[in-house]
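Chains R and U are the protein sequences, given in the same order. Number 198 in the working numbering belongs to position 198 of the first sequence; there are no gaps in the numbering. Number 31 in the working numbering belongs to position 31 of the second sequence; there are no gaps in the numbering.
These aren't lab readings, by the way, just hints derived from the structure by calculation. The C-beta atom is built at its ideal place from N, Cα and C for all residues, glycine as well. Don't take each hint at face value.
Quick list of in silico lysine to any residue cross-link-like pairs, SDA-like style, CA-CA up to 25 Å [said to hold, decoys possible]:
#1 U:Lys-374 to R:Asn-251
#2 U:Lys-351 to R:Tyr-135
#3 R:Lys-119 to U:Thr-420
#4 U:Lys-351 to R:Pro-127
#5 U:Lys-351 to R:Pro-65
#6 U:Lys-351 to R:Gly-132
#7 U:Lys-351 to R:Val-128
#8 U:Lys-351 to R:Ala-365
#9 R:Lys-119 to U:Lys-362
#10 R:Lys-191 to R:Gly-363
#11 U:Lys-362 to R:Thr-133
#12 U:Lys-362 to R:Phe-138
#13 R:Lys-236 to R:Ala-365
Estimated spans, in silico, between C-beta atoms of each pair [to be verified]:
#14 R:Asp-120 to U:Met-468: 19 to 25 Å
#15 U:Gln-448 to R:Arg-312: 28 to 34 Å
#16 R:Arg-312 to U:Pro-447: 30 to 36 Å
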Amino acid sequence: MARGIRDKVAILGMGCAKFGERWDKDEDQLMLEAFEEAIGDAGIDSSQIDAAWLGAAFDAVNIGPSGIPLAMALRLDNVGVTKVENYCASGTEAFRGAVYAVASGAADIALALGAEKLKDIGYGGLPVRTRGTSYDMFGVTGSAPGNFAQLASAYRAQHGVAADDLKRAMAHVSVKSHANGAKNPKAHLQKAVTMDQVLGAPIIAEPLGLFDCCGVSDGAACAIVTTPEIARSLGKTDLVTVKALQLCTSNGWEMQGSGWNGSYFHTTRVAATRAYEEAGITSPREQLSLLEVHDCFSITELVTMEDLHISREGEGWRDVLDGFFDADGKIPCQIDGGLKCFGHPIGASGIRMIYENYLQLLGRAGERQRQNPPVFALSHNLGGMPIQNVSSIAIVGLADA
Amino acid sequence: MAAAGILGFGAYVPITRLQRAAIHAANRWYASGLGGLAKGEKAVSGWDEDAVTMAVEAARDCLGGSDRSAIGAVYFASTTAPFADRQNAGIVKEALNLGDTVGSLDAGGSQRAGTSALIAALRASADGGAVLHCAAERVTPTPASEREMLAGDAAAALLIGTGPVIAELVGTHSVTADFVDHFRETGELTDYDWEARWVRDEGYGRLMGDTIVAALEAFGVGGGSIDHFIAPVSVRGVPELLAKKIGIRPEAIADTLGSTVGHAGAAHPTLLLASVLEKATPGQTILLSSFGQGADVLLFRTTERIGEVRPRLGVSGWLARRRAEENYMRYLSFRRLIALDRGMRSEHDQKQSLPALWRNRKGVMALVGGRCTKTGTVQFPRGDVSVNPNDHAIRTQEDYPLAELPARIMTYTADRLTFTPDPPNCYGNIEFDGGGRLMAEFVDIDPQAIEVGAQMRMMFRIKAFDEMRHFRRYFWKAAPAF
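Using the sequences provided together with the hints, build the complete structure.
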């Protein structure tokens, strides 16, 4: 087994732009907004950055190809900037690039920035786009809700869960995230909703209603990473270090093979197992303090609780209804509002999740601060669709944990 | 030369039956005179069907699970072929996964195209290989016209050849004369019809009637001995008028399917023949006629084998597979006779790379997947490396046709966000019996009645239109099993 990334890299500073419909801002302005907070938090000068990674998923829509948009937006010092795209895992992927650069010793200080400017496309939800010349000849050009909604049909069939029970558990996921988002000044949606509102909303893709779906947003988020030694030399005392970084990419087994039943994410299960091993976590249900998962849809969050080995298979919906993942529950999930309410500027989302976990670990999360001091915080991204996806997991924690 | 005849037959009628009363209810304010035709129903195909997809379904109905390697040529007849220059019969051939060493021919230009192609098929097959004769029609009549009331969408297919025929050809007779009862210039959508009384008296009564009389004289057969008289004419009273003129018994007149299907243009003679072949008994005579710039007449005599060869569903089976439609607006939208707001999501570019289509034509057009010769793992699409997690064997796959295999729903949704001309877009993962899976669009389905585990059957449909370059992409979709 590879030795892994645990405690080799520390977070020096983080920043996050206000997410939402930023009609008045270009993507480079959003990048700057996130960067200014991060570089101020890091207490360094931008000339100290050795390398940078940019995560953006829908580059064709706005941001454009290559690492140049980031280099230009921040006027970086002609360092190497790499643009990465890995569906909705693009943000975590950018973070992974920066962390690996530092861990390898190739860079002392590296920057990861995720950005997306989606609200220029003219309609809600994700842009319709090609999945490649070959796939487009036989694949279904469904919407994101349509792709993820199918989880519910298989989950009900696999676990014998009544449609109404699952619909209520899904609604609880969204009600909880809205309650959390209402306390977050940077969130796209800051309004609480009721169960009745959620259950009565128009159907987008059966059985997902409007409130079962996250919207998409404009936004950017930034992380500056270095080694724990350099961080301390720069005067940092409370260090948040990277405990695990795992990425798992579908190889076609779910889509083409046999054995997968359509009710869960094979990739997340694999990535979670590897991440806990890398982080030295043996009982995630007991040891994790916070979760920021890829709640693009309520059903995605629900099955992810099982895929992360926190809820037992077929029991996640019960934990949800029991309030296990509420802000005052055993493991709060989406304490910042999640994709559902913080918003989902695709390439930024993975770094936004780490940003929230970083703030929480350092006790800097303001009104939404978890009272029971957190130790390990997990973030999870999922890109693509259930049959074919990229799952990423980042676990960060206090350096001495 | 061996005697040629019919080896097999099949048909296809779309599931949707537009109620003529619903058409009239919408148009009565404008065309009150059509009330007399506002009875019964007509078959209308979906937004994702055309004459080619319907011909493929008719051919599959005809061929069933039988060996297709004996087919030497594919003929396709229609006046509404989707492509003016890309062989339509070639698309049918690819969808049926026939070998490349087959002949092919498109016929069109007249309501007589179906029977003329059939005569050519009978002559060609006498020399050797069997000919798969397909005819299909999907017209777009002018709204509030008489033709709109009378026309319907359907397809039929016959396997023509020598050997164990169920009906042998007795003779054919043709007249060509440029009698223009209606016309449609190339590239135009709708037909222009002349006065019905003139067409009835001079066209059907005289030109068509005289041709049939002359044909029977040439065959040496009296009208009274005809057991099934097929007069594919939708004008009320014309088959009876012809029968009387020719001396055919009224009870021998075949149902024109006017109240159930409507008139399927150049496909209608073949469709009615397929319908008659379901009911015919040994030793009967079937007189098939058609009209269009002249007339074709064919006389068949059934053999002892009639009844032994049956289509998968046949006309009667397709008629039973039915969904009554009251929504005339939906019909108009599917025919692009009204342009509903489609939203920005519909603007997705559907450009097809033709080299990619050529490379993948078996997978895309015929739904041929791969099967690993080492482990037996089935996958779609076929690839160089097996998806089997225990043995990623390289270059071990052989062709594995999936189109005729039953499949079951694993996951599903009814998507109201993504663009489709027929919302909600229902789709999900399906798994084929024996392995292999696919995320497939569902067709001919009630969005409220989809269940995990439900059995499905694949159908050849239009996947998407490239409206910038005027191309259509075909692929397979899953329908509730039938």
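Item checked: Violated hints - listed by number, lowest first -> Those not satisfied are hints 8, 9.
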